[in-house]
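*Asks:* Okay, here's what each chain looks like letter by letter:
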Amino acid sequence: MSGRMGLAADRGAAAAAAVAQAEAAFQALRRQRRLATLLGAGIFLACLLTAGWVSEFHPATLWAGLPRIGEYFSRVAPSLEWGKLFAGVETEGSLAFWMYRLDAWGLLLFETAQMAALATLMGAVVGLLLAFPAARNLGLPGWMSEAARRLLEATRTVPEIVFALIFVWAFGVGALAGILAIALHTAGALGKLFADAMENIEMRPWEGVRASGGSWFQACRYAVLPAAAPDLLSYAMLRFEINLRSASVIGFVGAGGIGEELYKVISFNYYEEISAIIVLVILAVVCIDLLSEKLRRRVIEAVS
Amino acid sequence: MSRVINPGGHLLSAGEVAAWRARMPAAFGPSVAARLWRWLGAAGFLAWLVGTLWWFDVSPQRLLNGLNGLGVIVRLMIPPSPGEQWVEILQGLAESLAMAFLGTAIAATVAIPLGFLGARNVASSVIFRFSLRRVFDGMRGVDQLIWALAYVRAVGLGPLAGVLAIATADIAVLAKLYAEAIENAEKRQAEGIAAAGGSPTLVMRFGILPQVAPIMLGHALYFFESNARSASILGVVGAGGIGLQIAERIRVRNWDEVAFIIILMVVMVMAIDWLSQRLRRRLIGGR
Numbered sequence: 001m002s003g004r005m006g007l008a009a010d011r012g013a014a015a016a017a018a019v020a021q022a023e024a025a026f027q028a029l030r031r032q033r034r035l036a037t038l039l040g041a042g043i044f045l046a047c048l049l050t051a052g053w054v055s056e057f058h059p060a061t062l063w064a065g066l067p068r069i070g071e072y073f074s075r076v077a078p079s080l081e082w083g084k085l086f087a088g089v090e091t092e093g094s095l096a097f098w099m100y101r102l103d104a105w106g107l108l109l110f111e112t113a114q115m116a117a118l119a120t121l122m123g124a125v126v127g128l129l130l131a132f133p134a135a136r137n138l139g140l141p142g143w144m145s146e147a148a149r150r151l152l153e154a155t156r157t158v159p160e161i162v163f164a165l166i167f168v169w170a171f172g173v174g175a176l177a178g179i180l181a182i183a184l185h186t187a188g189a190l191g192k193l194f195a196d197a198m199e200n201i202e203m204r205p206w207e208g209v210r211a212s213g214g215s216w217f218q219a220c221r222y223a224v225l226p227a228a229a230p231d232l233l234s235y236a237m238l239r240f241e242i243n244l245r246s247a248s249v250i251g252f253v254g255a256g257g258i259g260e261e262l263y264k265v266i267s268f269n270y271y272e273e274i275s276a277i278i279v280l281v282i283l284a285v286v287c288i289d290l291l292s293e294k295l296r297r298r299v300i301e302a303v304s
Numbered sequence: 001m002s003r004v005i006n007p008g009g010h011l012l013s014a015g016e017v018a019a020w021r022a023r024m025p026a027a028f029g030p031s032v033a034a035r036l037w038r039w040l041g042a043a044g045f046l047a048w049l050v051g052t053l054w055w056f057d058v059s060p061q062r063l064l065n066g067l068n069g070l071g072v073i074v075r076l077m078i079p080p081s082p083g084e085q086w087v088e089i090l091q092g093l094a095e096s097l098a099m100a101f102l103g104t105a106i107a108a109t110v111a112i113p114l115g116f117l118g119a120r121n122v123a124s125s126v127i128f129r130f131s132l133r134r135v136f137d138g139m140r141g142v143d144q145l146i147w148a149l150a151y152v153r154a155v156g157l158g159p160l161a162g163v164l165a166i167a168t169a170d171i172a173v174l175a176k177l178y179a180e181a182i183e184n185a186e187k188r189q190a191e192g193i194a195a196a197g198g199s200p201t202l203v204m205r206f207g208i209l210p211q212v213a214p215i216m217l218g219h220a221l222y223f224f225e226s227n228a229r230s231a232s233i234l235g236v237v238g239a240g241g242i243g244l245q246i247a248e249r250i251r252v253r254n255w256d257e258v259a260f261i262i263i264l265m266v267v268m269v270m271a272i273d274w275l276s277q278r279l280r281r282r283l284i285g286g287r
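Residue numbers (our numbering), protein chains in the order written: chain F, 1 to 304; chain P, 1 to 287.
Derived from the structure by calculation, the hints contain no laboratory data.
Think of the CB as a built atom: it goes at the ideal place given N, C-alpha and C, for glycine as much as any other residue.
Fair warning: there could be bad hints in the mix.
[Unchecked claim] Some but not every residue of chain P turned toward chain F, in silico, with C-beta under 10 Å:
1) W48
2) N65
3) A94
4) V142
5) A150
6) R153
7) G156
8) G162
9) L209
10) P210
[To be verified] Restraint-style ranges between C-beta atoms, simulated for each label pair:
11) F130(P) to R33(F): 39 to 45 Å
12) D57(P) to R204(F): 44 to 50 Å
13) S74(F) to P80(P): 43 to 49 Å
14) L129(F) to R62(P): 21 to 27 Å
15) A271(P) to W216(F): 36 to 42 Å
16) R101(F) to W37(P): 36 to 42 Å
17) V87(P) to A25(F): 21 to 27 Å
18) L70(P) to A211(F): 43 to 49 Å
19) W37(P) to A87(F): 45 to 51 Å
20) R205(P) to E146(F): 45 to 51 Å
21) G40(F) to W274(P): 40 to 46 Å
22) G51(P) to A41(F): 56 to 62 Å
With the hints as constraints, model all of the structure from the sequences given.
*Replies:* Below you can see the structure in the form of structure tokens.
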């Protein structure tokens, strides 16, 4: 009996020791984890303070600025009145009074959309031409794809606005500078996506065309393009929406579109016109989002 | 030449070909109507292209002149030079980085409670959630540059306007992403806390937050990367950072310094991308 009890006690002691060991390990792990979290938080806080110091983000300036921000945005907000909402242009507080230059702004928005479309088309064409050498699976020498990829990366990393600032000097103030700036940036962004899409195609059609004596260009035309077309179209159309947004602000540097009007209106503090134009831009972007979503589905169905 | 060899090897007569054509018109290429539509589409596209090019006054002469001017500018850019005010350039770069960091941090912090409010499994009021999301959508549609320009008018020139612009433009998008992450969180842990008697606050803190925190951090890092790019141009409208430096130098046509700043910008963006990718992998990939 005593032996058995001793065994049980031994077992109990062993279990307690194991529990204590596990507990110690758990505590050690927890300490380590806590230390890591504290260290991360410390580094983050240091970065935050440095960033605040460098960007002159003092609580006092912010506090002083808050009322001004509130005042500014309340002035920008349209002063609409329910009773007169659908009254004529002359009545203050009506929609028509708020949007009193709807025809001119509509034309500018249309111009902006055309700029975006043209820039997307040009960028997509250039991107497509560069994507063939950039794709690594089409049997071209390695240095060629490397060079094409670096070129695409360079045009993609520089923001459109910087290109636009430079092009305004070269091509003169106007929509052309904006179109070319957006197109150049688009070529870099789309070219990479196109090349990646081409690298993901099934290689059998390519081998078939090559084996039956087709040239490299014929293989690109009849094996790569049909397989990649749905992806390419979908990327290009998504890019059109992005470009519409950039085309609406590229006018800030004198490169055409509704951005020029918006810049003027904000600079001269025509408060309510600011909100009118911004609402129009948002509406246009939302409309084109919905439209291009439908179009994209139909086109992709037709192609594939 | 209208005879066609069939797989059997013998020649088909013209009559047989006509019979096959009648049975399976699609096998003989697109129909006349389809071809007509295609031509019409191509003609319409060409008309649009020519029309827009004409409207935007794009002529070969103008393009050629512009390219000539561009060639001169590129030649003046080489070799890139930091100029005499290179301290200012470095300051601008640091300012841009600080603006991106602070703006993202503010947006990510403010977006956490908004994300909880906008999530379906946390906020029960449909009308409140719907209106909150519409406000998010509206804010998202306004470009960062527009916010920057507005804030410059409101709080004056300088990086403060840039920080506020970045924060305002990102709060909406981050809140939406956070709300989606919270909606996709596993319910069992939250239910467990609630079943053990935890209050709604405790459910959020111990049931949902541990699941979504890595996702939120990942999103915030992505936004930091993207903001490091955009913060470098906000200065063009006067909101501080390197953009101001580049705009000033373009105005006085110091092209070699412009090239230097562009190279610096590209290097900074690449360095941030690399750093953030490593950080993201450590924070999220380790699990």
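*Asks:* Compare the structure with each hint and give your call.
*Replies:* Going through the hints against the structure:
1. Contact between W48(P) and chain F, as hinted, is supported at the beta carbon level, the nearest pair being about 8 Å apart and thus within 10 Å.
2. Look at N65(P): its Cβ gets to within about 8 Å of chain F, closer than 10 Å, so that hint holds up.
3. Annotation: A94(P) was flagged as interfacial toward chain F, and the flag holds, the nearest CB pair being 5 Å apart, inside 10 Å.
4. With a least beta-carbon distance of about 6 Å to chain F, the hint placing V142(P) at the interface is held under the 10 Å criterion.
5. The interface hint given for A150(P) is met, as the beta carbon of that residue sits about 6 Å from the closest beta carbon of chain F, less than 10 Å.
6. Using the Cβ-Cβ criterion of 10 Å, the hint placing R153(P) at the interface with chain F is satisfied: the shortest such distance is roughly 6 Å.
7. Hint status for G156(P) relative to chain F: holds, with the closest Cβ pair at about 8 Å, below 10 Å.
8. Evaluation of the G162(P) hint against chain F yields a held restraint, the C-beta minimum of about 7 Å falling below 10 Å.
9. Hint status for L209(P) relative to chain F: violated, with the closest Cβ pair at about 14 Å, above 10 Å.
10. The interface hint given for P210(P) is broken, as the beta carbon of that residue sits about 12 Å from the closest beta carbon of chain F, more than 10 Å.
11. Distance hint for F130(P) and R33(F): a CB-CB separation of about 40 Å, consistent with the stated range 39 to 45 Å.
12. The beta-carbon spacing between D57(P) and R204(F), approximately 48 Å, falls within the hinted interval of 44 to 50 Å.
13. Here the CB-CB span from S74(F) to P80(P) is close to 46 Å, well matched to the stated 43 to 49 Å.
14. The hinted window of 21 to 27 Å between L129(F) and R62(P) holds, with their beta carbons roughly 23 Å apart.
15. Distance hint check: the CB atoms of A271(P) and W216(F) are about 38 Å apart, consistent with the given range 36 to 42 Å.
16. Our hint of 36 to 42 Å for R101(F) and W37(P) holds, since their Cβ atoms are close to 40 Å apart.
17. In this structure, V87(P) and A25(F) break the distance hint of 21 to 27 Å, their C-beta atoms being roughly 53 Å apart.
18. Separation of L70(P) from A211(F) is about 45 Å and conforms to the stated range, judged on CB atoms against 43 to 49 Å.
19. About 47 Å separates the C-beta atoms of W37(P) and A87(F), a value consistent with the hinted range of 45 to 51 Å.
20. A hinted range of 45 to 51 Å holds for the C-beta pair R205(P) and E146(F), which are about 50 Å apart.
21. Between G40(F) and W274(P), the C-beta spacing of about 19 Å breaks the proposed range 40 to 46 Å.
22. Taking the beta carbon of each, G51(P) and A41(F) are about 59 Å apart, inside 56 to 62 Å as hinted.
When each numbered hint is compared with the structure, violations occur for hints 9, 10, 17, 21.
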